[in-house]
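Undergrad: All chains, full assembly: derive it from the sequences and hints.
2 protein chains.
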Amino acid sequence: MQIELLTTGTELLLGTTQNTHGAWIGQRLLRVGLRVSRQITVPDGEAVGRAMRIGLEGGEALIVTGGLGPTSDDLTREALAEVLGLEMIEDEAAMRAIEEFFARRQRVMAEANRKQAQAPVGADILVNPNGTAPGLYLPPRLSGSFNCAVFLLPGPPRELYPMFEAEVVPRLQALSGIEKVPEFLELKFAGIGESDFHEGIDDVLEAIPGLEHGYCARPGEVDLRLMGSAASIREAGEIVRATFGDELVSDDGANLEDVVVDLLAKRGRTLAIAESCTGGLIASRITDVAGSSEVFRYGFVTYANEAKQELVGVSQDALRSHGAVSDPVARQMAEGALKAGEADIAVAVTGIAGPAGGSEEKPVGTVFLGLAERGRETQVYQQFHPWARAAFKRQVSQSALNLVRLTLGR
Amino acid sequence: MQIELLTTGTELLLGTTQNTHGAWIGQRLLRVGLRVSRQITVPDGEAVGRAMRIGLEGGEALIVTGGLGPTSDDLTREALAEVLGLEMIEDEAAMRAIEEFFARRQRVMAEANRKQAQAPVGADILVNPNGTAPGLYLPPRLSGSFNCAVFLLPGPPRELYPMFEAEVVPRLQALSGIEKVPEFLELKFAGIGESDFHEGIDDVLEAIPGLEHGYCARPGEVDLRLMGSAASIREAGEIVRATFGDELVSDDGANLEDVVVDLLAKRGRTLAIAESCTGGLIASRITDVAGSSEVFRYGFVTYANEAKQELVGVSQDALRSHGAVSDPVARQMAEGALKAGEADIAVAVTGIAGPAGGSEEKPVGTVFLGLAERGRETQVYQQFHPWARAAFKRQVSQSALNLVRLTLGR
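Quick note, the sequences are listed as chains X and P, same order. Using this note's numbering, you'd call the opening residue of the first sequence number 1 and step up by one each time. Using this note's numbering, you'd call the opening residue of the second sequence number 1 and step up by one each time.
Rather than coming from a laboratory, the hints here were simulated on the basis of the structure. Since the structure is predicted, the reported quantities are computational estimates derived from the model, not experimental observations. Do not rely on the hints blindly, as some may be mistaken.
Unchecked claim - Estimated spans, in silico, between C-beta atoms of each pair:
| id | chain 1 | residue 1 | chain 2 | residue 2 | range |
| --- | --- | --- | --- | --- | --- |
| 1 | P | G409 | X | A166 | 46 to 52 Å |
| 2 | P | P170 | X | D317 | 40 to 46 Å |
| 3 | P | E46 | X | E82 | 36 to 42 Å |
| 4 | X | A356 | P | R105 | 30 to 36 Å |
| 5 | X | V204 | P | E111 | 16 to 22 Å |
| 6 | P | S72 | X | F184 | 42 to 48 Å |
| 7 | X | G144 | P | G358 | 53 to 59 Å |
| 8 | P | H322 | X | A356 | 40 to 46 Å |
What the hints assert, rightly or not - Pulled from the structure, derived: some chain X residues nowhere near chain P, Cβ distances all over 10 Å:
| id | residue |
| --- | --- |
| 9 | D202 |
| 10 | L248 |
| 11 | Q316 |
| 12 | Q383 |
By construction, the Cβ of each residue, glycine as well, lies at the ideal position given by its N, Cα and C atoms.
TA: Take a look at the structure:
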């Protein structure tokens with residue numbers, strides 16, 4: 001089923017407001033086996049009518065958000081009536097709902113709000129318990145030769161989302177005639193990139209009948225999306241697990257930090273973190289997880305050499321002989337954090353985030369990661385991530401958390 | 001000038017990735033007096049060509065993002081060549097840049113990457129220092145009767161943004177012929193919200209002839225955008241400064257953390273941070289700023305009570321009598337961080353991020369902020385931010401950094 005989404009609002013194109021309707025609606029529809037075929041975003045004004053025409057031509061359903069307010073630049077209703085040549089009348093039930101909305105709040109209704117009750121004959125009024133703007137639904141026959149169902153919906157998320165759930169999803173399901181929802185699986189990986197899939201098993205996945213797959217890559221992580229029959233997803237899942245089992249973080253949408261906190265809790269172990277180049281990001285990600293206080297107690301942001309010495313006991317000798325960004329310092333930071341943080345496992349990172357501080361031998365992007373554990377030998381890994389500062393920090397935090405995950409999952 | 005933006009990527013419509021290109025590009029163009037007229041988002045595949053045609057018909061410039069990768073679903077180049085009936089050849093310079101990208105990373109180039117060097121005759125290759133995909137620029141004459149300039153750009157932000165800045169903005173400015181950019185001023189505020197403007201001076205700004213203004217609000221911060229004649233912006237700026245001067249963080253796009261690091265450097269002072277409920281986020285924001293190592297040396301993530309005692313010397317008595325989320329503990333954390341962190345100024349936060357841990361007396365969202373300074377009395381502030389975990393952390397980090405800013409600006 002071709003579903004067109006038209007999001008309207010000048011602020012969306014000025015960039016002062018993120019356009020989040022597309023992602024929210026996309027996610028919601030995916031769960032009932034539907035997809036948005038195309039999204040068009042236009043400013044308030046005459047561009048709305050032109051974009052509606054494109055949507056009506058391309059789609060079996062057109063969803064329009066925004067422009068249902070009482071002010072002069074809210075013209076979605078009028079634009080649709082004009083494009084379709086429909087007559088608008090004041091809908092009694094809609095008028096009553098608006099009046100009641102104001103009455104409940106003991107406010108006087110402005111005359112401008114009256115236009116919000118206008119609707120084409122034959123349209124369904126979609127009740128809006130969270131605002132004054134009722135939505136509208138036009139069944140396909142009202143759009144004449146376009147033969148396209150149309151939904152006009154309010155823009156503010158707290159009005160849009162409940163209306164979408166209650167009024168739009170059931171109607172789209174009925175229109176699409178989809179009874180059985182296609183299966184969907186999202187697998188999250190760390191420590192490999194999209195190119196590892198392309199060089200590894202992309203061809204194999206491509207060849208599975210009835211399977212669609214896609215990737216979404218970010219620094220240090222990649223998500224693999226599988227859609228299709230239950231059998232094809234099972235087959236793909238087995239292949240992926242056999243190839244990249246160690247790198248698989250989750251198959252239920254959980255982030256790396258969620259998985260690490262969960263593993264720590266299950267194993268009854270606590271984590272300490274010593275950070276130089278990530279400057280607190282690893283600790284911040286861990287503490288994004290509700291309940292992390294059970295497993296994370298001490299974090300050391302040892303940005304200066306003195307901090308490395310005083311907080312986690314790095315030796316002056318190691319700093320002098322090898323430099324702050326070195327194997328021995330990462331090792332001592334991890335071991336020092338384990339001890340000072342009274343933890344069962346500790347991870348430490350020291351690297352050169354740039355833009356300054358690089359050298360021929362240790363260019364910007366160089367990082368050492370240390371992992372210390374009670375009763376085991378400390379591990380140190382050297383990596384190279386020559387990205388801009390923010391991406392470097394994110395990538396290193398990802399490597400560090402993944403190291404903890406692998407250690408715990410062992 | 002009509003600028004059409006086409007963002008491509010199946011994940012954008014599935015909702016698994018937020019489409020942030022539109023907002024970023026919109027903001028960037030606004031600064032040079034240009035606006036995006038329409039944005040279309042389509043999945044990878046044949047929809048790209050159809051959407052290109054719509055963009056070429058409607059626009060004087062068409063910007064396309066995504067689909068320049070080496071894999072089989074990266075078809076933007078091919079789609080454009082087909083729509084415009086152009087022949088593609090391998091561009092030598094582009095091929096060399098891709099080979100060098102791999103050589104620098106000591107990796108072998110896959111054969112699939114070869115197609116990334118394909119370009120229509122007469123197109124400019126846009127260098128990509130941050131990835132393998134070169135961008136392409138086609139001057140209007142190459143699009144025949146469409147007479148529309150075309151930019152093909154990579155999707156990943158760290159590749160897109162620098163290329164947009166260096167290659168796209170100057171070409172669009174030249175194409176648009178706009179000599180005099182409408183004046184633009186963005187003022188960033190902390191410690192007040194959009195409603196403070198509505199209740200305060202929004203009417204006054206509204207009444208200034210020739211001025212357009214708008215807001216963008218996030219937890220603990222709000223940006224005010226002024227556009228119009230130089231005189232109207234000057235007038236508005238004066239009114240705003242007279243009303244909310246203390247809350248004004250910057251008028252040059254600098255973030256709160258940039259301003260704090262800059263103030264610390266100018267004053268020759270160092271900062272220490274002790275964090276409980278923000279779990280490292282404040283330190284991470286400070287270390288997002290290049291050069292922060294000059295002014296920030298020690299961070300303490302004291303998530304557990306023991307950590308508060310051992311790292312920053314909070315007394316067991318204070319913890320027992322008042323609880324970890326209290327005025328005395330915030331005070332001792334700040335004073336302890338000042339001492340242990342050998343700093344000139346220290347900020348500390350302790351609060352209840354939720355969802356668990358709240359009580360009748362101290363509900364979820366309660367936070368105490370402490371600020372200690374050499375030779376001055378320590379200040380403690382109580383705030384209440386009953387938001388979801390991530391927004392709470394962000395808001396508290398904002399309050400803490402703003403406290404440092406106000407102290408330094410005194």
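Undergrad: Taking the earlier hints as the rules, which of them does this structure contradict?
TA: Structure breaks hints 2, 3, 4, 6 and 9.
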